[in-house]
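Given chain A, work out where chain B should sit, using these hints.
2 protein chains.
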Amino acid sequence: MTSLRSWLPLLPPQHPLRHHLDRLIPHPRCAVAIGTHALDLEAFAAHNGFSGLSTIQPHQSVFSSSSLNAFAALGRPIHSVVRKYIQSVFSVDTPYPDVLQNNSSLQKEALIPLKDVTTHLPMRIGDYTDFYAGLNHAYNVGVLFRGAANALQPNYKHLPVGYHGRASSVVVSGTPIRRPSGQILENPTAEPKKPVFSACRKLDIELELGCFVCKPNKMGEPIPIGEAESSLFGVVLMNDWSARDIQAWEYVPLGPFNAKNFGTTISAWVVLAEALEPYLARPAVENDVELLPYLREKREENVYDIRLQVELKTQSGNKTTISRTTGRNLLFSFPQMLAHHSITGCPMQVGDLLGSGTISGREPGERGSLLEQNENGKSTIKLEGGEERKFLEDGDEIAITGVCGEDEEALVGFGECVGAIEPALQFDF
Amino acid sequence: MTSLRSWLPLLPPQHPLRHHLDRLIPHPRCAVAIGTHALDLEAFAAHNGFSGLSTIQPHQSVFSSSSLNAFAALGRPIHSVVRKYIQSVFSVDTPYPDVLQNNSSLQKEALIPLKDVTTHLPMRIGDYTDFYAGLNHAYNVGVLFRGAANALQPNYKHLPVGYHGRASSVVVSGTPIRRPSGQILENPTAEPKKPVFSACRKLDIELELGCFVCKPNKMGEPIPIGEAESSLFGVVLMNDWSARDIQAWEYVPLGPFNAKNFGTTISAWVVLAEALEPYLARPAVENDVELLPYLREKREENVYDIRLQVELKTQSGNKTTISRTTGRNLLFSFPQMLAHHSITGCPMQVGDLLGSGTISGREPGERGSLLEQNENGKSTIKLEGGEERKFLEDGDEIAITGVCGEDEEALVGFGECVGAIEPALQFDF
Numbered sequence: 014m015t016s017l018r019s020w021l022p023l024l025p026p027q028h029p030l031r032h033h034l035d036r037l038i039p040h041p042r043c044a045v046a047i048g049t050h051a052l053d054l055e056a057f058a059a060h061n062g063f064s065g066l067s068t069i070q071p072h073q074s075v076f077s078s079s080s081l082n083a084f085a086a087l088g089r090p091i092h093s094v095v096r097k098y099i100q101s102v103f104s105v106d107t108p109y110p111d112v113l114q115n116n117s118s119l120q121k122e123a124l125i126p127l128k129d130v131t132t133h134l135p136m137r138i139g140d141y142t143d144f145y146a147g148l149n150h151a152y153n154v155g156v157l158f159r160g161a162a163n164a165l166q167p168n169y170k171h172l173p174v175g176y177h178g179r180a181s182s183v184v185v186s187g188t189p190i191r192r193p194s195g196q197i198l199e200n201p202t203a204e205p206k207k208p209v210f211s212a213c214r215k216l217d218i219e220l221e222l223g224c225f226v227c228k229p230n231k232m233g234e235p236i237p238i239g240e241a242e243s244s245l246f247g248v249v250l251m252n253d254w255s256a257r258d259i260q261a262w263e264y265v266p267l268g269p270f271n272a273k274n275f276g277t278t279i280s281a282w283v284v285l286a287e288a289l290e291p292y293l294a295r296p297a298v299e300n301d302v303e304l305l306p307y308l309r310e311k312r313e314e315n316v317y318d319i320r321l322q323v324e325l326k327t328q329s330g331n332k333t334t335i336s337r338t339t340g341r342n343l344l345f346s347f348p349q350m351l352a353h354h355s356i357t358g359c360p361m362q363v364g365d366l367l368g369s370g371t372i373s374g375r376e377p378g379e380r381g382s383l384l385e386q387n388e389n390g391k392s393t394i395k396l397e398g399g400e401e402r403k404f405l406e407d408g409d410e411i412a413i414t415g416v417c418g419e420d421e422e423a424l425v426g427f428g429e430c431v432g433a434i435e436p437a438l439q440f441d442f
Numbered sequence: 014m015t016s017l018r019s020w021l022p023l024l025p026p027q028h029p030l031r032h033h034l035d036r037l038i039p040h041p042r043c044a045v046a047i048g049t050h051a052l053d054l055e056a057f058a059a060h061n062g063f064s065g066l067s068t069i070q071p072h073q074s075v076f077s078s079s080s081l082n083a084f085a086a087l088g089r090p091i092h093s094v095v096r097k098y099i100q101s102v103f104s105v106d107t108p109y110p111d112v113l114q115n116n117s118s119l120q121k122e123a124l125i126p127l128k129d130v131t132t133h134l135p136m137r138i139g140d141y142t143d144f145y146a147g148l149n150h151a152y153n154v155g156v157l158f159r160g161a162a163n164a165l166q167p168n169y170k171h172l173p174v175g176y177h178g179r180a181s182s183v184v185v186s187g188t189p190i191r192r193p194s195g196q197i198l199e200n201p202t203a204e205p206k207k208p209v210f211s212a213c214r215k216l217d218i219e220l221e222l223g224c225f226v227c228k229p230n231k232m233g234e235p236i237p238i239g240e241a242e243s244s245l246f247g248v249v250l251m252n253d254w255s256a257r258d259i260q261a262w263e264y265v266p267l268g269p270f271n272a273k274n275f276g277t278t279i280s281a282w283v284v285l286a287e288a289l290e291p292y293l294a295r296p297a298v299e300n301d302v303e304l305l306p307y308l309r310e311k312r313e314e315n316v317y318d319i320r321l322q323v324e325l326k327t328q329s330g331n332k333t334t335i336s337r338t339t340g341r342n343l344l345f346s347f348p349q350m351l352a353h354h355s356i357t358g359c360p361m362q363v364g365d366l367l368g369s370g371t372i373s374g375r376e377p378g379e380r381g382s383l384l385e386q387n388e389n390g391k392s393t394i395k396l397e398g399g400e401e402r403k404f405l406e407d408g409d410e411i412a413i414t415g416v417c418g419e420d421e422e423a424l425v426g427f428g429e430c431v432g433a434i435e436p437a438l439q440f441d442f
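Read top to bottom, the protein sequences are chains A and B.
Letter by letter, the first sequence follows residues 14 to 442 in this note's numbering.
Letter by letter, the second sequence follows residues 14 to 442 in this note's numbering.
So here's chain A without its partners, still in its complex pose:
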C-alpha cells in the first residue's frame, strides 16, 4: 500500500490513473464540510469542479495534499475566492448549475456523508505556541495560587503571555487521550521536598481557540500588526489537556512541560478567518494599560464572538454542560499574538498553530478549566445523574463545541473537539 500511495503525489489531479488509485487507496485529502456532507476537494478538482474559477486552476494540486498547508499558503485572497465560489456552487440559484447541481456523477464522487468521513489533523503543524490571553482564567488561577491582590503578574496586560508548546502531540478530535504519569509532589509542605511517581490525579481541560498561520515571515523580520491579520488562515476549537499536579512540581522556573505535552486536541475543520469576520467583536474584558505601538490594532473589534460550550460525558453516559462562554473573553487578538510572537524576528511558518489560552467568563458556569471550577480541588462539580467530579476520571469524554451568529439560517458552526480519557499505563519498575 505504501509504495502505491507514494505514487499519488506524482500524478497530476487530472491524470486518469489518479482517480483509480484514489479509490483503491484511502488517503487524507482536502475537504469542505457543508451541511451533513463533506465535499472532497480532490475529487471535485479532478472532475472540473473548479471550471468556473480560473484563478484556482493553476493551483488545483493543493487539494490532493494530505493537509491544508498548501491551500493555506496560497493566501487570503485565494481562500476568499474559493470560499465564495463553493458557496455559489451550492446556492439554489447557482450560476454554475452544471458543475454540481446537474452533475449526479460528480455528486456521487465528491459528496461524502460526514458520518462516513475519517477526519485527520487539518494542518501539518511546524511549531505550536500556546498563549494565555484569557484574562478571567489568568485572574481566577492567579487568585487560587497567589491571592486576589497579586492574581495577575505585572506583565500580563502589556503583552500576550505565551510559551512554546509541543507540536507532535497536537491531535485531531476523537483521538483518545491516555492519562499521563509523572512526578508529583504529594505533600508540598514536607521538607525536603520529594516527589513520587504516579498517574496524574488532577487531569484537567483547557477550553481554547486555535488559529493557524498561512504566511511565513523571514527570520529577523517581524510581522507588523497591520499585516498580521492577512497571515492568519483560520480557527479551530482546542482542548489543551493539562496535568495540574505534574505542572505544579515541574513548572518552576521554565514553565509547563510534561504537564502539557501528552496531548492537545483540535477540531478537524478549520473555519476560514474570512468566514469569521462578521463575528468580530470588542473584547468583553478591558485592558486599562496603554499598549506599546507594535501591539496597537486599528480596529476595536478584534476578537471572535463565538459561543463556546464544554460538555462532559461520563462513562455511564451522563452528559453535563460544564461551561458556556464566549471568544470575547480574550484580552489579546490573534493578530496581536502574531505581532508579539514575531517582534523578535521569530520566523513563523505556514501551519504554525497559535492557542489563545483558556477562555473563561466571569461567572461560575463560564469557566474553561476544571481547576477554576473546583477551586483547585476544594469544591466539587455537580454532574447530571448525581455524579460529581473534581478532575477528570478515566472514561470521561470532553466535547467542546462552538457556534457564531444568531440567525438559525446562517450559523457558522465549528466541528466538534472531542477526546476521551484512557486509563494510565501500568509501570513495573
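Be a bit skeptical, because a hint or two may be false.
Same chains, same label: a pair holds when it works inside one copy or across any pair of copies.
Derived DSS-like pairs: lysine-lysine, alpha-carbon spacing no greater than 27 Å straight-line [stated by the list, open to error]:
1) 206 to 170
2) 207 to 311
3) 97 to 121
4) 170 to 207
5) 326 to 311
6) 311 to 206
7) 121 to 207
8) 128 to 97
9) 311 to 228
Derived from the structure by calculation, the hints contain no laboratory data.
For chain B alone, coordinates are given in the frame of chain A:
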C-alpha cells in the same frame, strides 16, 4: 530551477539523468566530513561507493535527501555499519581499494574540499526542547536572582527541568543573528511597572550540546530509560542565544518565550552517538537525591567528556577565549532527558532536537553564559586588545568548538558553531 529540482527526488540515485541534474542544480545532500574534505554520500552512493556494504544498498536513496532524517531513521545498527564501512574505505590498508583509493573519478566526484562546501541544517527538526541540566549554570543563575540558599529549585535534582523551544528558529552555524527587539522593564522597582520597547541590551549566549532523536515512539507510550540510548542519533554543538532583559520581563509565569525564539545556532555536522561512546564519562557534578526508577540508568558513565570552548571575536578582529569547560558538567544525560520527556506519553519524532541546557564549570573561566561571567551586568569581561564586554555588541562573533580525546591522532572534532550579531532593526512607529 525549482521545477527542475522537484524532479530530483523522483529519480533513483543510480539514474543516469540524476547525476547530470545533480551537477546542474546545487542542492543539499548528505555528507561526511573527513579531514579537510566532505564525502558527498549522494555521489558516493550513485557511483557504487557502497558496493562493499550490502546492508545499506536497499536504503541508498536516504543519502539524496536534503537532511539526515531518513538516514537517522534507519536506526543505530545501520549508523554503525555505515560509519565503520566508510572508516574502512578511508583506511590505508582498506579491504575495498577499488571503491575510492584507486578510483580517481569517484574521488573527483565525491570528495569536496570543506572550504567549498555550503552547510545546511543537518536535520529537519520537528520539535525542539531545551533542558536545563547544567547544574553549575542553574546554580550560578539561581544565586544571582535568588541568593545561594535558594539557588536551585526543589525539583532541580529530581528531574531534568526543560521547556519546549522554537524549532523554526534553529539555524545552522554561520547564520547571522539579528539583535532582537521587544518589551523591556527599564526600572524594575518603579510602580506601576511599565515596559518600554527597545532593542535587546542584554544579548547573551548559552553554550550547550544538542542531541537528535532517531526513533519515534507512539503517543501514550513512554521510552523506557533502558531503550533511550538507542533512540539518540548524534550530537551537535549549540548556542541558545538569549535576550536576558526581554526574558526578565516576560518569563513569569510560563517561562522564556521571545527571549529565546529569535535564533538558536547548531553546528552543521552531527557526530554519531556511536562515535562518542568511547568518551562517555561520569558527570563532574553530583546528584545527591535518589532518582525515581524511570530515570535510573544502569551505566554510571552517561555524559560526554567533550572539551568545549567559546571564543568571542569583536568587530576589530580581536579573539578571546571566554570559556573552557566540559560536557561532564551535566547532571542528567540525554537518555534521561528523553525518558523524562516521554514519560507522559509525549510522542518523539525522528529529527527532534534536545538541548542540554547551558554548560558551565565551577570556576570563573568555565562559564557558558555571559550572564554568569558578568554577574548580571555587575562586572566586566576583559577581552584581548583591551576591549571589554558585559553582553554582546553588534558585530561580535561567537564560535563554539568541541573536541573529544587526548590522542592527537584520534581526536573526534565537532564542526564549529558560529554566529555573528547584526544590528537590531529600526522601527518607525
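Verification of the supplied hints:
{"no.": "1", "hint": "206 to 170", "in the structure": "between (34 Å within a copy, 11 Å between copies)"}
{"no.": "2", "hint": "207 to 311", "in the structure": "between (51 Å within a copy, 22 Å between copies)"}
{"no.": "3", "hint": "97 to 121", "in the structure": "within (22 Å within a copy, 57 Å between copies)"}
{"no.": "4", "hint": "170 to 207", "in the structure": "between (36 Å within a copy, 10 Å between copies)"}
{"no.": "5", "hint": "326 to 311", "in the structure": "neither (42 Å within a copy, 44 Å between copies)"}
{"no.": "6", "hint": "311 to 206", "in the structure": "between (50 Å within a copy, 25 Å between copies)"}
{"no.": "7", "hint": "121 to 207", "in the structure": "neither (63 Å within a copy, 61 Å between copies)"}
{"no.": "8", "hint": "128 to 97", "in the structure": "within (25 Å within a copy, 54 Å between copies)"}
{"no.": "9", "hint": "311 to 228", "in the structure": "within (21 Å within a copy, 48 Å between copies)"}
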